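Undergrad: Sequence:
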Amino acid sequence: MNPQAKLIFALSLTLGTTLTISSNHWIMAWTGLEINTLAILPLISKSHHPRAIEAATKYFLVQAAASTLVLFSSMTNAWHTGQWDITQLSHPTSCLILTVALAMKLGLVPFHFWFPEVLQGSSLIVGLLLSTLMKFPPITLLYLTSPSLKPSVLMTMAILSTALGGWMGLNQTQTRKILAFSSISHLGWMAIIIAYSPKLALLNFYLYTLMTAAVFLSLNSIKALKLSTLMTTWTKAPSLNAILLLTLLSLAGLPPLTGFLPKWLIIQELTKQEVALAATIIALLSLLGLFFYLRLAYCATITLPPHTTNHMKQWYNNKPTNTMVAVLTTMSFMLLPISPIILAVV
1 MNPQAKLIFA
11 LSLTLGTTLT
21 ISSNHWIMAW
31 TGLEINTLAI
41 LPLISKSHHP
51 RAIEAATKYF
61 LVQAAASTLV
71 LFSSMTNAWH
81 TGQWDITQLS
91 HPTSCLILTV
101 ALAMKLGLVP
111 FHFWFPEVLQ
121 GSSLIVGLLL
131 STLMKFPPIT
141 LLYLTSPSLK
151 PSVLMTMAIL
161 STALGGWMGL
171 NQTQTRKILA
181 FSSISHLGWM
191 AIIIAYSPKL
201 ALLNFYLYTL
211 MTAAVFLSLN
221 SIKALKLSTL
231 MTTWTKAPSL
241 NAILLLTLLS
251 LAGLPPLTGF
261 LPKWLIIQEL
271 TKQEVALAAT
281 IIALLSLLGL
291 FFYLRLAYCA
301 TITLPPHTTN
311 HMKQWYNNKP
321 TNTMVAVLTT
331 MSFMLLPISP
341 IILAVV
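So in the numbering used here, spot 24 of the sequence shown is number 24, and the numbers just go up one at a time.
If you're looking for bench data, these hints aren't it; they were derived computationally from the structure.
As the structure is a computational prediction, the values presented were derived from the model and not from experiment.
Nothing false has been slipped in among the hints.
Across the chosen pairs, the derived CB separations fall in these ranges:
#, residue 1, residue 2, range
1, Arg51, Lys199, 36 to 42 angstroms
2, Gln4, Ser90, 44 to 50 angstroms
3, Thr173, Ile125, 18 to 24 angstroms
4, Lys6, Thr323, 19 to 25 angstroms
5, Leu294, Thr87, 37 to 43 angstroms
In silico DSBU-like cross-links for lysine-lysine, where the CA-CA straight-line distance does not exceed 30 angstroms:
#, residue 1, residue 2
6, Lys272, Lys199
7, Lys150, Lys199
8, Lys177, Lys263
9, Lys236, Lys177
10, Lys263, Lys150
11, Lys58, Lys223
12, Lys226, Lys6
13, Lys150, Lys58
14, Lys272, Lys150
15, Lys226, Lys263
16, Lys46, Lys223
17, Lys226, Lys177
18, Lys236, Lys46
19, Lys226, Lys236
20, Lys58, Lys177
21, Lys46, Lys6
22, Lys199, Lys263
23, Lys58, Lys46
24, Lys58, Lys6
25, Lys236, Lys223
26, Lys58, Lys226
27, Lys177, Lys199
28, Lys46, Lys226
29, Lys223, Lys6
30, Lys46, Lys177
Where is the CB? At the ideal position from N, CA and C, for every residue including glycine.
Turn these sequences into a full structure, and let the hints guide you.
TA: Right under this line is the structure:
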């Protein structure tokens with residue numbers, strides 16, 4: 001793909017995201033979502049591999065259906081209340097349809113089936129965009145409409161997402177699919193808290209984006225698409241592999257790493273809101289995710305490949321690690337001590 005086309009698609013993604021997160025009117029928000037969808041499609045299908053074309057087709061169909069539901073929900077609300085303002089969503093049917101639409105956009109259970117398949121058909125950089133930037137506009141709409149949405153529906157979706165994200169990631173061998181189920185699991189944590197503390201959900205999203213970007217860029221640096229490839233990368237970039245271990249454990253939410261901060265605050269807030277049972281269930285379900293993060297970390301740093309005669313180790317890479325990767329990985333396990341400052345800013 002030539003640089004001019006890449007620039008146009010990058011600008012379109014920026015425009016679509018900015019349009020949705022800054023708009024008050026439903027039509028403008030919907031327009032931003034559509035620009036985003038159309039801009040990412042060529043990036044998914046650029047390799048012309050049948051799996052990439054299939055991923056782009058699946059992504060288009062799901063996002064088109066979700067956008068239609070967003071438009072239908074806003075029109076139904078406008079029909080009954082005369083309001084096109086995003087924060088004035090008050091009609092119960094519109095609220096329910098919007099919850100379904102945003103769950104489809106984000107990949108929350110039970111509308112999650114498309115996400116692992118699309119991520120598997122994309123490159124690691126496009127997978128990073130799909131897991132972070134493309135989730136920002138729907139999360140913003142969820143944030144703006146959170147007072148109108150039913151907490152019980154969101155809580156059910158959240159617990160199911162954390163459970164299925166953990167369970168389905170257990171037997172995966174492809175790193176992109178593991179990160180897709182990790183994303184579904186993390187979205188569960190955001191969905192459960194957004195009705196009670198929307199700012200906390202956004203903080204969770206920002207920290208999730210930071211840690212996921214660190215993992216995706218690290219995997220892209222060492223070109224690891226499978227667990228078997230990950231086992232041989234210690235010879236290529238030993239320092240990056242060691243840091244990847246801490247980044248994965250941070251994504252799992254282990255203290256004293258950055259990923260522990262949102263989980264700790266969410267459990268604390270849920271207990272204050274007297275839904276301690278939901279907090280206990282979601283905390284226990286996150287142990288499933290911990291298992292496959294540990295497996296990734298084990299493959300990356302602790303396992304040695306079999307020393308057979310036909311096995312070839314990768315060449316040691318003497319190039320310095322990308323500055324962006326270095327900064328993101330460092331932040332993904334060193335932000336917990338400054339959590340009071342982060343909370344004061346948020």
